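Visitor: Top to bottom, those sequences are chains H and L. For what it's worth, the numbering used here labels the leading residue of the first sequence as 1, then goes sequentially. For what it's worth, the numbering used here labels the leading residue of the second sequence as 1001, then goes sequentially.
The set of hints was computed from the structure by calculation and includes no laboratory data. Bear in mind the structure is a predicted one, so any value in this text is a computation, not a measurement. Don't take each hint at face value.
Taking CB as the label site, the calculated pair distances span [to be verified]: (1) K204/H - L1075/L: 44 to 52 angstroms; (2) K1147/L - K127/H: 14 to 22 angstroms; (3) L97/H - I1120/L: 29 to 37 angstroms; (4) I1120/L - T27/H: 30 to 38 angstroms; (5) R1005/L - I120/H: 31 to 39 angstroms; (6) R5/H - E1066/L: 26 to 34 angstroms; (7) D18/H - N1190/L: 57 to 65 angstroms; (8) E1066/L - K203/H: 51 to 59 angstroms; (9) R61/H - H1237/L: 39 to 47 angstroms; (10) D43/H - T1198/L: 51 to 59 angstroms; (11) T1072/L - Q21/H: 35 to 43 angstroms; (12) D18/H - E1233/L: 52 to 60 angstroms; (13) T1027/L - Q21/H: 19 to 27 angstroms; (14) E123/H - E1022/L: 44 to 52 angstroms.
Capping the alpha-carbon separation at 30 angstroms, the derived lysine-lysine pairs in DSSO-like fashion look like this [unchecked claim]: (15) K1074/L - K167/H; (16) K1119/L - K131/H; (17) K256/H - K26/H; (18) K1127/L - K74/H; (19) K1170/L - K1186/L; (20) K69/H - K1131/L; (21) K131/H - K265/H; (22) K1074/L - K147/H; (23) K1117/L - K1167/L.
No residue lacks a Cβ here, since even glycine has one placed at the ideal position from N, Cα and C.
There are 2 protein chains.
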Amino acid sequence: MSEVRPIILKLGGSAITDKTQELVAKTEVINRLADEIKRADLDNLIIVHGGGSFGHPTAQRYGIKEGYKEPTQKLGFAETHHVMTMLNGLVMDSLILHEVPALSIAPSCCVVTDNGKIKIFEENLIKRILKMGFTPVLYGDVVFDEKLGFTVLSGDQLVTYLAIKLKAEKIVIGVDTDGLFDEDPKANPNAKPYRHLTLEELKKIQNKLGKSSGTDVTGGMAGKIAELIPAVEHGIHVTITGATKPLSINRALIGKDVLGTEIEKA
Amino acid sequence: MSEVRPIILKLGGSAITDKTQELVAKTEVINRLADEIKRADLDNLIIVHGGGSFGHPTAQRYGIKEGYKEPTQKLGFAETHHVMTMLNGLVMDSLILHEVPALSIAPSCCVVTDNGKIKIFEENLIKRILKMGFTPVLYGDVVFDEKLGFTVLSGDQLVTYLAIKLKAEKIVIGVDTDGLFDEDPKANPNAKPYRHLTLEELKKIQNKLGKSSGTDVTGGMAGKIAELIPAVEHGIHVTITGATKPLSINRALIGKDVLGTEIEKA
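Could you build the full structure based on these sequences and the hints that come with them?
Guide: Spelled out as structure tokens, the structure:
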């Protein structure tokens, strides 16, 4: 069998959880997305979801991202992973109910970072899973780190890493807005959407963006763009669209036009 | 840091679930065991739990153990893994609530078998987890198989594999009876317990034992003994005791006498 070139779908933590609270999932959004994913009927899909109101508050409370400093953090590391498996369990429940042959892969089991950047990723498993026609599901997670002892690995970094490593066909990023805006559209109703961006334009706006609302230890939108840039440099097309409104994710997965931001190298 | 010689605790599926029903966990047993584990205060513990009424009925319905034969089994493979993560989630919930720094490791993420026997196990992670003072938690799971495409990996095989590979100090097996009996004590009240067994005696009784009650695609007690024998041959002490009665597991973990069966090479 030849290598499968995957489509990577990121479901943002802000889209599938309520980040104004703690441990609150938007199960109605998750169920609709599972239905849209099933109807896209892809045999080369990888799903990565964020931590939202599950992983982030717990990780922040224990200072997990900053690394291992004292023994009491160990319980925090374990607890952060556990709440992420709870959110992942809700996503998996819904995917399997919709008959998507989804298999979860915990990054804490197969990734080691070095000062926050992925150093080791056991990729044979994910290649095997894809070839057999399963849909791997990964998520932002706590991971062991060569320098820091442990840290937080964002779903965004995973998306770009997997996209480059597995030569992704494209990346679809589902957020709680209709793509990228020049300002935070939740704070400013006059924020203007970007409909099409080149790599050069993306780099220019990278530093202009503020933080997204709510607690996000993996960084706000600016951090997300910084993580995306290497994938765009590798010529991978990125679509950023709304996951909280019906059909955008389904349409983006099957290659139809959507309300959102299309990013291309040039 | 020198290598940690672990104590491996197996929690049998029959002890932590109700095998006469489907998807029913004995949460009161799980909570008490989490308390007993916390109070044992071990920094070299590995926990492996069985599938009981979660993994086994689903795996059997789709013929997962026998390997990949048709595409419809893919959903069964995904579903079996998912129900095992549900049971594991209940165990993890309880361990973390009791402040055990427990980290789950899904065997489907790090094990590949060959005709049902473990061929590849990414053991660096589990060594790292142990060294940092976490308690790894594994479980019977579906795994990919070189010959069969996929299959079922029993918690029993995992226990022996890890015990030999990591030079375990001892193995404690928690079941729903007070150790090994000459007949099934649940069917025959006159069944006699074995209090002490040598390797030779264990081999002799291996074929005499019948199947344990309920559905168990990983084999009954005879299958469990067959899996244990290689660990005993490596000189690892095995205690089989009741996990459904208070304090036996706690006592066995800290090296006190328990009502059960002690197995030694000679």
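Visitor: To test your reading of the hints: which numbers does this structure violate?
Guide: 5, 14 and 22
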